[in-house]
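> With the hints as a guide, bring the two chains together.
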Amino acid sequence: NAGVTQTPKFQVLKTGQSMTLQCAQDMNHEYMSWYRQDPGMGLRLIHYSVGAGITDQGEVPNGYNVSRSTTEDFPLRLLSAAPSQTSVYFCASTNSGTEAFFGQGTRLTVV
Amino acid sequence: AQKVTQAQTEISVVEKEDVTLDCVYETRDTTYYLFWYKQPPSGELVFLIRRNSFDEQNEISGRYSWNFQKSTSSFNFTITASQVVDSAVYFCALSEVRAGGSYIPTFGRGTSLIVHP
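Residue numbers (my numbering), protein chains in the order written: chain F, 1 to 111; chain X, 1001 to 1117.
If we strip away everything but chain X, and leave its shape as in the complex, we get (with noise of 0.2 Å):
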């Protein structure tokens, strides 16, 4: 079973509309992280949140925000008034104790956003 499940390969939307990118993950730590990244198409792999398992507050960031629920293990984030720049790749990823201690994430096969003008 994948650790972290994001069900949607591919969402297609048009400018300005709402898009919400969802993620499930499976853990059985009570201390954990979650973060999202953008890979655009040019590659790269972007930061956008850390989340720890402790602080189930939504965070709004500009046009993104984010909904941390530990009742049904998700994190799903959600783009406003979607734009162009936001069409990319999105991985959802779990840090959680490895073996010494260690926290590596493991990602999600990720959903490719399309946004069409």
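If we strip away everything but chain F, and leave its shape as in the complex, we get (with noise of 0.2 Å):
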């Protein structure tokens, strides 16, 4: 019963470079969100889906992107990595009204 699988748990880039982080649930949940953590920022929504093929902008998107292919696989993408993306990543996966279910977290540093 893995829940929410969120590869990797640390990464450093370099600015520019690209990278993807991956996140997987097995608890068939309609909806998924990525979310960034900073300091004294609480969690802040940065894109979401409500099921496969279909994704939306949170409150901070600029310069990530998603996808969603199929239920169980959100990844997102950063395309063009900046100083200011280094920040604790999580992924959720939630069912309509039911409490979100979180990966470990994924710790990003861009240099």
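Among these hints, one or two may not hold up.
To be verified - Far from chain F, some chain X residues (derived; all Cβ distances over 12 Å):
#	residue
1	Ser1012
2	Val1013
3	Val1019
4	Thr1020
5	Asn1067
6	Lys1070
7	Thr1072
8	Thr1078
9	Gln1083
10	Val1084
11	Pro1117
Unchecked claim - Covered by chain F, according to a simulated footprint, are these stretches of chain X (three or more residues, beta-carbon under 8 Å):
#	region
12	1044-1053
13	1085-1099
14	1105-1116
What the hints assert, rightly or not - Just the calculated beta-carbon pair ranges, DEER-fashion:
#	chain 1	residue 1	chain 2	residue 2	range
15	X	Lys1016	F	Gln57	42 to 50 Å
16	X	Asn1067	F	Gly97	19 to 27 Å
17	X	Asn1052	F	Asp73	28 to 36 Å
18	X	Gln1069	F	Ser80	41 to 49 Å
19	X	Asn1052	F	Gln57	24 to 32 Å
Just so you know, the hints here were simulated from the structure itself, not pulled from any lab data. Heads up, the beta-carbon is just placed ideally off N, CA and C, and yes, glycines get one too.
This is how it looks when you write it as structure tokens:
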């Protein structure tokens, strides 16, 4: 019973590099989302998906891209990493009105 | 304006003190959900409680209790007889309907609770 699996746990990127954060859930949840956590800012929503093939922007979408080809997977792509994207990233899955289940987080540093 | 306001950035108490973490939310929906999560120093997010907008009953779970008041749009969390293990960041969250009928939570900025021995 894995829940939400998020990889990698740690990553260091150089400015301008691209990478994909992986997220998979095995609970058949409709909704998946990506948040970033910065000191004093709480968790801010980057992008979310309400089902396969359907995504939408959250509060802080710039510089990030998502797609959802299956119910299980919801990867987050950084197209050209910037130091401002240094953060801790969390993937979450939920059904309507239920609590969100979170991955373990990815600590990303962009130098 | 923030949808979820946790005005207390940091609270410091001594073990065995009672402590209340405040949460004020803003929504125009009649159906919504409120949550509290705990983030210990290890970093994972731990679900504590869910409450829907139609259920204003207060809840008690061991040393934890929650007070939901629609009249003041508040969902406060009290820890009775705090312990060092309660030291963590606590987040309040609101799920209201978004485009497409989804409920994706919006989080407050969190309150860091430090419990000293």
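> Look at each hint and say if it fits the structure.
Taking the hints in turn, this is what the structure says about them:
1. The beta carbon of serine 1012/X sits about 17 Å from the closest Cβ of chain F, which is more than 12 Å, so the claim that it is off the interface holds.
2. Distance to chain F confirms valine 1013/X as a non-interface residue, since its nearest Cβ pair spans about 20 Å, more than 12 Å.
3. In this structure valine 1019/X is separated from chain F by more than 12 Å, as the shortest Cβ-Cβ distance comes to about 19 Å.
4. Listed as outside the interface, threonine 1020/X is consistent with that label: its C-beta sits roughly 19 Å from the nearest C-beta of chain F, beyond the 12 Å cut-off.
5. Distance check on asparagine 1067/X: its Cβ is at least 19 Å (rounded) from any Cβ of chain F, clearing the 12 Å threshold; non-interface status holds.
6. With 12 Å as the threshold on Cβ separation, the claim that lysine 1070/X sits away from chain F holds: the shortest Cβ distance comes to roughly 17 Å.
7. Separation of threonine 1072/X from chain F is adequate, the least Cβ-Cβ distance of about 21 Å exceeding the 12 Å criterion.
8. The claim that threonine 1078/X is not at the interface with chain F holds, since no C-beta of that chain comes within 12 Å of its own (minimum 20 Å).
9. At roughly 24 Å from the closest C-beta of chain F, the C-beta of glutamine 1083/X stays outside 12 Å, upholding its exclusion from the interface.
10. Every CB of chain F is more than 12 Å from the CB of valine 1084/X (nearest about 23 Å), matching its label as outside the interface.
11. The Cβ of proline 1117/X sits about 25 Å from the closest Cβ of chain F, beyond the 12 Å cut-off, so the non-interface label holds.
12. Look at the region 1044-1053 of chain X against chain F: 5 of its residues bring a Cβ nearer than 8 Å to a Cβ of that chain, three or more, so the hint holds.
13. A count of 5 residues in the region 1085-1099 of chain X with a Cβ less than 8 Å from any Cβ of chain F is obtained; the coverage claim is therefore met, three being the minimum.
14. Beta-carbon proximity to chain F at under 8 Å applies to 6 residues in the region 1105-1116 of chain X; the threshold of 3 is reached and the given coverage holds.
15. Against the hinted window of 42 to 50 Å, the Cβ-Cβ separation of lysine 1016/X and glutamine 57/F comes to about 46 Å, which satisfies the hint.
16. The supplied range of 19 to 27 Å is met by asparagine 1067/X and glycine 97/F, whose beta-carbon atoms lie about 21 Å from each other.
17. Between asparagine 1052/X and aspartate 73/F the beta carbon distance is about 29 Å. The supplied range of 28 to 36 Å therefore holds.
18. Taking the beta carbon of each, glutamine 1069/X and serine 80/F are about 46 Å apart, inside 41 to 49 Å as hinted.
19. Distance hint check: the CB atoms of asparagine 1052/X and glutamine 57/F are about 26 Å apart, consistent with the given range 24 to 32 Å.
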